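Asker: Sequence:
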Amino acid sequence: MFLRFAGLGDTLFVNTIAYHYARTYSRRVIVAVRHPILFRGTPGVVALPIQSQKIAHQVGKFMQRVGLIESMIYMGYQPEGPGTKMQPMPAHILSVLAAKVGLPMAPTRPVLFLSKPELQSAALPSDGKPWVAMHSTGITEMTSNKNWYPDRFATVAQTLHRNFRIVQLGLPTDPLLENDLDLRGKVNPRQAAAVIASCRALICQEGYLMHAATAVGTPAVVLFGGFISPGESGYDCNINLFTKLDCSPCWLPTMCPYNRECMDKISSRDVLTALDGLLAKN
1 MFLRFAGLGD
11 TLFVNTIAYH
21 YARTYSRRVI
31 VAVRHPILFR
41 GTPGVVALPI
51 QSQKIAHQVG
61 KFMQRVGLIE
71 SMIYMGYQPE
81 GPGTKMQPMP
91 AHILSVLAAK
101 VGLPMAPTRP
111 VLFLSKPELQ
121 SAALPSDGKP
131 WVAMHSTGIT
141 EMTSNKNWYP
151 DRFATVAQTL
161 HRNFRIVQLG
171 LPTDPLLEND
181 LDLRGKVNPR
191 QAAAVIASCR
201 ALICQEGYLM
211 HAATAVGTPA
221 VVLFGGFISP
231 GESGYDCNIN
241 LFTKLDCSPC
251 WLPTMCPYNR
261 ECMDKISSRD
271 VLTALDGLLA
281 KN
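Numbering follows the numbering used here, in which position 51 of the sequence shown is assigned residue number 51; successive positions increment by one, without gaps.
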């Protein structure tokens with residue numbers, strides 16, 4: 001039994017490790033999580049929807065006592081407890097989690113099992129200009145230090161609109177971009193991934209949609225800034241805009257004392273140039 005109570009990106013990591021664990025050791029893996037929707041269709045994996053980590057531990061101990069599971073593993077990758085601080089990772093998070101459960105080989109990209117009906121129902125029109133997905137959120141669960149700037153996202157969208165159709169994903173409160181299809185708050189995480197599968201590329205900040213895009217095979221321009229590095233959570237198939245400073249990656253959840261210089265150094269032109277390179281490569 002795996003336990004993890006975090007955001008969508010971390011949940012997709014756990015789905016990936018659970019799938020490879022089940023496949024490698026011919027075992028069924030039960031996962032206690034807050035976002036069970038991401039585990040639908042994953043071979044060998046059963047999601048147990050529980051919102052409380054305390055209750056999940058109680059359920060797991062009972063299941064272990066009656067012989068339904070062999071062990072419980074909490075799928076965290078940062079220090080926990082009073083006085084601890086987040087810190088840069090020694091390797092990609094998938095590698096850290098794989099080592100934690102004893103996988104002999106770490107997966108190199110996340111997995112998400114979407115059905116053909118899911119992909120077909122979310123498919124974007126293929127006639128006319130190609131689609132690019134964008135995510136303009138200015139809010140993250142962990143920290144504001146992962147945020148880029150809404151006005152720069154707006155400049156990117158306005159420029160791309162000449163040659164591409166834009167589909168916008170995210171929360172209803174995310175800053176509105178110039179787009180052809182506004183899906184903010186209108187699709188769930190699986191549907192968002194299926195929409196991205198229809199696109200030539202995704203432009204986003206580091207987070208769930210980046211992982212989902214990689215799972216469905218759509219390349220992305222990802223704004224990392226300096227909170228976390230591509231080596232810790234990114235993928236080689238993407239163009240990752242990371243600013244290397246003395247303080248980065250910082251994993252700092254509180255307000256940045258340097259006014260987020262790492263993000264400020266990434267311009268709208270940098271993103272547009274990266275997209276040109278991404279499309280030429282893919």
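Hints are computed from structural coordinates only; laboratory data are not their basis.
These numbers were taken from a predicted model, which means no experiment stands behind them.
It is possible that part of the hints are untrue.
Straight-line Cα separation of at most 16 Å, EDC-like style, residue types lysine to aspartate or glutamate; simulated pairs [as the list claims (entries may be wrong)]:
| no. | residue 1 | residue 2 |
| --- | --- | --- |
| 1 | Lys129 | Glu80 |
| 2 | Lys244 | Asp264 |
| 3 | Lys116 | Asp151 |
| 4 | Lys265 | Asp151 |
Asker: Give me the numbers of the hints this structure contradicts, sorted from smallest to largest.
Answerer: The structure breaks hints 1 and 3; every other hint is satisfied.
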